[in-house]
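Please work from the sequences and hints to get the whole structure.
Protein chains: 2
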Amino acid sequence: MKANLEDIAKAAGVSKMTVSRVLRGGTGFSDETRDRVRKVAESLGYVPNKLAAAFGADQASTLVGMCVPRLTSGLFGHVLDGVDRALSRLGYQLIIGANNHSTEEEEAWVRQIVSWRPAGLILSGRTHQPGTVDLLRQAAMPVVEIWDLTTSPIDMSVGFSHFDCGAEMGQHLLRRGRRRAGYVGALARADVMGQARLDGFRAALAEAGHPLVASELLLDMPGFYAGLYGLETLLSRTRDLDVVYFHNDEMAIGGLAHAQSRGIRVPEDLGIAGWGGMEAASILPRRLTTTVVPTTAIGKAAAEALVARLKGEPGQDVTVVPTRLVPGETG
Amino acid sequence: MKANLEDIAKAAGVSKMTVSRVLRGGTGFSDETRDRVRKVAESLGYVPNKLAAAFGADQASTLVGMCVPRLTSGLFGHVLDGVDRALSRLGYQLIIGANNHSTEEEEAWVRQIVSWRPAGLILSGRTHQPGTVDLLRQAAMPVVEIWDLTTSPIDMSVGFSHFDCGAEMGQHLLRRGRRRAGYVGALARADVMGQARLDGFRAALAEAGHPLVASELLLDMPGFYAGLYGLETLLSRTRDLDVVYFHNDEMAIGGLAHAQSRGIRVPEDLGIAGWGGMEAASILPRRLTTTVVPTTAIGKAAAEALVARLKGEPGQDVTVVPTRLVPGETG
DNA sequence: CCTGACTACGTTACCGGTAAACCTGGCAGA
DNA sequence: TCTGCCAGGTTTACCGGTAACGTAGTCAGG
Numbered sequence: 072m073k074a075n076l077e078d079i080a081k082a083a084g085v086s087k088m089t090v091s092r093v094l095r096g097g098t099g100f101s102d103e104t105r106d107r108v109r110k111v112a113e114s115l116g117y118v119p120n121k122l123a124a125a126f127g128a129d130q131a132s133t134l135v136g137m138c139v140p141r142l143t144s145g146l147f148g149h150v151l152d153g154v155d156r157a158l159s160r161l162g163y164q165l166i167i168g169a170n171n172h173s174t175e176e177e178e179a180w181v182r183q184i185v186s187w188r189p190a191g192l193i194l195s196g197r198t199h200q201p202g203t204v205d206l207l208r209q210a211a212m213p214v215v216e217i218w219d220l221t222t223s224p225i226d227m228s229v230g231f232s233h234f235d236c237g238a239e240m241g242q243h244l245l246r247r248g249r250r251r252a253g254y255v256g257a258l259a260r261a262d263v264m265g266q267a268r269l270d271g272f273r274a275a276l277a278e279a280g281h282p283l284v285a286s287e288l289l290l291d292m293p294g295f296y297a298g299l300y301g302l303e304t305l306l307s308r309t310r311d312l313d314v315v316y317f318h319n320d321e322m323a324i325g326g327l328a329h330a331q332s333r334g335i336r337v338p339e340d341l342g343i344a345g346w347g348g349m350e351a352a353s354i355l356p357r358r359l360t361t362t363v364v365p366t367t368a369i370g371k372a373a374a375e376a377l378v379a380r381l382k383g384e385p386g387q388d389v390t391v392v393p394t395r396l397v398p399g400e401t402g
Numbered sequence: 072m073k074a075n076l077e078d079i080a081k082a083a084g085v086s087k088m089t090v091s092r093v094l095r096g097g098t099g100f101s102d103e104t105r106d107r108v109r110k111v112a113e114s115l116g117y118v119p120n121k122l123a124a125a126f127g128a129d130q131a132s133t134l135v136g137m138c139v140p141r142l143t144s145g146l147f148g149h150v151l152d153g154v155d156r157a158l159s160r161l162g163y164q165l166i167i168g169a170n171n172h173s174t175e176e177e178e179a180w181v182r183q184i185v186s187w188r189p190a191g192l193i194l195s196g197r198t199h200q201p202g203t204v205d206l207l208r209q210a211a212m213p214v215v216e217i218w219d220l221t222t223s224p225i226d227m228s229v230g231f232s233h234f235d236c237g238a239e240m241g242q243h244l245l246r247r248g249r250r251r252a253g254y255v256g257a258l259a260r261a262d263v264m265g266q267a268r269l270d271g272f273r274a275a276l277a278e279a280g281h282p283l284v285a286s287e288l289l290l291d292m293p294g295f296y297a298g299l300y301g302l303e304t305l306l307s308r309t310r311d312l313d314v315v316y317f318h319n320d321e322m323a324i325g326g327l328a329h330a331q332s333r334g335i336r337v338p339e340d341l342g343i344a345g346w347g348g349m350e351a352a353s354i355l356p357r358r359l360t361t362t363v364v365p366t367t368a369i370g371k372a373a374a375e376a377l378v379a380r381l382k383g384e385p386g387q388d389v390t391v392v393p394t395r396l397v398p399g400e401t402g
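Line by line, the protein sequences are chains A and B.
FYI, in this note's numbering the residues of the first sequence are 72 to 402.
FYI, in this note's numbering the residues of the second sequence are 72 to 402.
Treat the hints as calculated values from the structure; they're not laboratory data.
If several chains are the same, the list does not tell them apart, and a pair holds so long as it fits within one copy or across any two.
Under the rule of at most 20 Å between Cα atoms (straight-line distance), these lysine to aspartate or glutamate pairs were calculated in the EDC-like manner:
| # | residue 1 | residue 2 |
| --- | --- | --- |
| 1 | 73 | 205 |
| 2 | 87 | 106 |
| 3 | 121 | 178 |
| 4 | 110 | 205 |
| 5 | 121 | 77 |
| 6 | 73 | 129 |
| 7 | 73 | 113 |
| 8 | 81 | 102 |
| 9 | 87 | 102 |
| 10 | 382 | 129 |
| 11 | 382 | 226 |
| 12 | 110 | 78 |
| 13 | 110 | 77 |
| 14 | 81 | 113 |
| 15 | 121 | 78 |
| 16 | 87 | 113 |
Have a look at this one:
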């Protein structure tokens, strides 16, 4: 990388400050100067140095950090997409990381990223290490917590309540006449948001006087196989269930596959419900009963909240992005 | 962000160079000095400034850029995951972007990222704008092109041949006795890699004397619905097919759903084959015939090739990561 | 006792931008 | 004619690190 502002300045016969102003589209130069500088910059193949710019100005870089639980989650892929579209349009660059549902890994990541002095951060979830929160508050950095809503965010929050998702599904299944519900989940210890859905589900059932009969929590990635084996295990312990709520749609589809292989009729013998709203779920022979999460909208809203804060525009600290329970033909 | 090296230096009664050496774990200081400096840094809540470090050293930052076609693709989620795990373990940070299968968008992204002077880049595909290639060659930056193999990479390449994938599937279906094949794809104009698979498929069929009968290329995201409608459209034009090859597994599953809804028996009336190896495909009542792509392995290999280059270790320029055709029960 | 090597630091000069203060010539108005 | 102002610049002083080099003190060996 050879050419810098000074090289251009010399070649164009102006000072490097003038070059800086021209290339950043400021004012205080004639049209001829502007054209000459631009031409020289072009011919020298000048590539701006954001490192120096962000460092020198000692403020607002155009880096934004985003930390998600897992990069392999289809849902978070859409959230990332929403964030990326909104930010790249405005000239920001996105640094990502995965915390594997661990607040310790999240803290390590945050420390790395903060040392790049980013314009802002987007974190997933409302649970963080105390040190993470201290660091971010002290740095007075714009932070958006997404996915799981909190009324007392570090800075801003965009999302919905996982507890309410679980409760709503519980109420729905009760209205459909289900009385003996089970639950199949995964990553039990680490995934606080899945846990919150289970808590909400359990609470809704208990309140109606038909408490959760059994649950199976696997220490595994929440995918198709986990759903399949999870339902198999659950049914081997307790045959007497009339509906099973799954951690997410992938697991629910795994559960459907297991039911089909055992000749269990869905929804006659057993109801099945998922969570997340993956596209595959809506195209099954029987549409999956699930909760659709507006993933891209959350990403977009988070990015916009962050940018509004950066520009000093007023914006609300907490943005609720509603989920939608979609009654299918499986529960 | 208040404390910097100088603050620590003053508080510890040493020069800031000594603080720099201590905090970076170098040599040239006594144990007492080390302990004192560390203690002071801790107590002041010092957060290193990588911006200044990368700028001052005027060389290799710990940023790595990665550009994928779409962030919503399940396959690329796994590639990202492989890259992220390998890089974050070594202290690198990942900047991502999506090019939407457009080399123009890719070039815009590359220009943005190069101005951060990253340690290296990972790009998807072998097709780039001439300006992109010039820029990268001139910057002498380590670059790994992944996904579609090329024998003449900008710098390094990790992947497999999409043409060969298509050809192999063509040969497989011919061996299974299929003679009248169709193809359903998406994003026809922009997705050169999907196009390469089609080319390979077409070539294999033609060579065997049973050329492709019909194809349907949708200008849409390659998802379940596109597969469903694509097959419907294809069959409305040409009923006389005995197998259909799809752009990817998601579309193939959409195709399966359409076949089921129309009472078309798979594989008796119609064979169906996909590509990619998504987990869902292997759990269908009838396992999908598809090509499994080692996504995570490609990400890992790309990251490792990049790091090897950065450390000056010898490594091969082209790494072939083989795909695996998995004969299922649908084709 | 002098020399040379080694340890444990300190000093200085940058890296490539940006902000802010500072020039300067020409022209309008008093 | 003098003054003030404005367009169109230039100059200077950083930002927070790092590399390269300088230097005082110590110690062993000849």
